[in-house]
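J.: The primary structure of each chain is shown beneath.
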Amino acid sequence: MLKQLRIAALFAATLLLLAACVAAPPAAEAPAEDASMEEAPADMSGKVVIASGGMIRIGGSFALTGPIPDPGLNIRHGAEIAIDDLNAAGGLEGFMFELVAEDGACDGTQGTNVGNKFAADETIVAVTGGTCSGETFGLVPILQEARIPFVSPSATNPDITSPDCDVCNRVALSDALQGATDADFVLSDLGLTKVAVVHDNSDYGKGLAEIFQNNVTNMGGEVSSFEGVQVGDTDFRAMLARVGADAPQAVFFGGYSTEAGLIAQQMTETPGLEETAFMSVDGAYTQQYLEAAGDAAEGTYISFVAGADSEDMNAEFDAKYVEKYGVSPDDLGPFHSQSYDSVKLIAAAIMAVATVDDSGNLVIDREELISAIRALDAFEGLTGTIKCDSIGECGAGGVQIFQVADGAFDQVSGFGME
Amino acid sequence: MAPSRLTAQVAGVNGKTALRFLLRAFGAAILVLVIWRVTTVGLAEGYPASFWISQALNGLVLGGVYALVALGYTLVYGILFMINFAHGEVMMIGGIAGFFALQFSQARGWLEGPWPVVVVALLLIMLFGMAASVLIGVTLERLAYRPLRQAPRLVPLISAIGASLFLQYSVLLIFGVSPHSYRKPALISGGMRMGDVFIPYTGAIIFVTSILLMLALYFIIQRTKLGRAMRAVAEDRATASLMGVDVNAVIVITFMLGSALAGAAGVMLGFHNTVVKFNSGFVPGLKAFTAAVLGGIGNIPGAMFGALILGLIEAIGPSALGIPTEYKDVIAFTLLVLILIFRPSGLFGEVLSEKKA
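Those protein sequences? They're chains A and B, same order as listed.
Counted from 1, the first sequence has number 293 at position 293 by my numbering; the numbering is strictly sequential.
Take any residue in the second sequence, count from 1 to its spot, add 1000: that is its number in my numbering.
Hints listed in this document are in silico derivations from the structure and should not be mistaken for laboratory results.
Everything numeric in this text was worked out from a predicted model, so none of it was measured.
A hint or two may mislead.
To give an idea of the interface, some chain A residues facing chain B are shown, with a C-beta separation under 7 angstroms as derived from the structure [as the list claims (entries may be wrong)]: (1) S225; (2) A238; (3) E291; (4) G407.
Listed next, with one range per pair, are the computed distances between beta-carbon atoms [what the hints assert, rightly or not]: (5) B:P1344 x A:A408: 51 to 59 angstroms; (6) B:Q1103 x A:K194: 50 to 58 angstroms; (7) A:D406 x B:T1224: 54 to 62 angstroms; (8) B:P1114 x A:D406: 42 to 50 angstroms.
Note that beta-carbon positions come from the ideal geometry of N, C-alpha and C, so glycine has one too.
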């Protein structure tokens, strides 16, 4: 009896399995139909409609975890202050702005996750961020597809903006400029021609290291080695021993604070590199770098893509920042002003295209918003005159070079010194 | 019926020998390729001897750290036949606790005093880190592993991975995402320079301390009553318990010993590399696991030598093969795969217990 029951059960299970197999193919064809359905009502999905009393939601991708959490938080703070200012000024036709902050973790995969989250949320009008280049590369294809424009305050890899991407904009300056300026500084100002180049294999660090390397070679310098490490590594001694074997005059590192600080520190323990000059880039222009490097930071060089700051506006911003968060903005990271300007730029574009319909809803056309960001008249931001060009480069300013003296960054060359 | 089964068996045996032969040939081919690459490319670079010595010393320091952590894997595996994948996090907790102990000592100025005071302070910092790790290790055993001791072997493994993530993200949320920077006291910053070879004091301390701790562990296991109980439980838990060995106590003590070594490694690594954060136990943990497998998991001298060999290969390998140093992790984990394929019981075999569950 029991045996028969078991056989019956087995038979039933087999039948079910067969049924599932037969049923499967039609299910697989379904997505194709969906795709054609999506395109039809374009004039409805291409608009954000905010009911009266609703919020204008701006997404934010910030590197709150990952290799540079403090600068990520700093950028988030900058954006929050911009939102506060916008709302204090009355918002837009009675609609208030809201920041939807997500953790992009300075990482491409997490950038993709954040991008998908924003793309799935129909109320997201635009995005500020990502913080890091790799994270932003994760955002780009998704936001491009979803027709959500973004403005990055701090992603500096040259390929973030391109003629192919109409939603991609940034306030920070491209690394094409930083890499060239750094190479010129090392070769011409410091007179060091044999340089070792190290990067952290991030889109940002490796991209910048390659630009630097090309510029050094083009200017007639010698690149003695080109070595990679990983974000999160802490022991660089084996890599440095190899770099030191070629006896370079300077070591250039493209990457973030902690790794830069540890490399500077461990260089003092590496034969052949004890007295070698060390230079790193805007990713390491932080207090975290000084802390990680300790005494070894003294005399090292760091470059930064600075805005053309107007002092009055920044003093006002700094005061608000200290009041709200209890720390000076520069203690956490360098890009808070760019972040403030990113949000202001997005808001200005929204104000230019948003209309109120008959039933009191705020209507924002996505395509119009995308073109409005680049068509906007120049305005004065914290980092100078903000005006986007045809591929989305909106920032002002130039590259500054600092040398660490007595535990602080001291500008020695570059933008604002001439 | 019978003859056909016999022929199938014979075919199976033939298939197995053929497979083994193929594997051997594959292994030999890899070995030849590596030797060819080392002689033609690595040595052709013409690095001076001092370079190789520096790299070997870097490797030994790395190996010392891996060894201390690997012993924790091996001890637990020897007794419970489970891989405690949260062991890297136990080490990280030691490093974090050491950081706070260091700050406490610095605030009281103990690290600027005469050298005996500094040495005592440093020992206290290390002991504090070890104590924190022991606490976490024992808690893990009690909460995450003991209730699952009778469960299939996969279950505690999954529990360990969960515990590992739990510890990482707890530390992330409690102590923040930013790395914590150790400030080395003047006594142990810098190092000795001999010709073109530089030995950082912290590196020398790691190597010497790890050797001393390993000798102490070896003595405990081979020469004490407690060690005999541990070996007995490793060999046959049921029989040991019938002979009057308190199995639970032995397992707890095993976790304590392994965690204490990991905590010491965490603190010393903190002083050596000067930053600790929530995920800084993850990669060293995996490497130590690799080292334990390399030496033969469950085998105590095997873990020590496996770790030193792994450290040396990681430091010297990329230069010897003439490939970028960023491939050091690739080399380490390729080694893990090759060992698992060709010598699953490791270079030195699984000794602590002969009998498998």
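J.: For every hint, state whether the structure bears it out.
T.: Hints, verified against the model:
no. : hint                                 : in the structure
1   : S225                                 : violated, 9 angstroms
2   : A238                                 : holds, 5 angstroms
3   : E291                                 : holds, 5 angstroms
4   : G407                                 : violated, 13 angstroms
5   : B:P1344 x A:A408: 51 to 59 angstroms : holds, 56 angstroms
6   : B:Q1103 x A:K194: 50 to 58 angstroms : violated, 41 angstroms
7   : A:D406 x B:T1224: 54 to 62 angstroms : holds, 55 angstroms
8   : B:P1114 x A:D406: 42 to 50 angstroms : violated, 28 angstroms
This entry does not satisfy hints 1, 4, 6, 8, going by the numbered hints stated previously.
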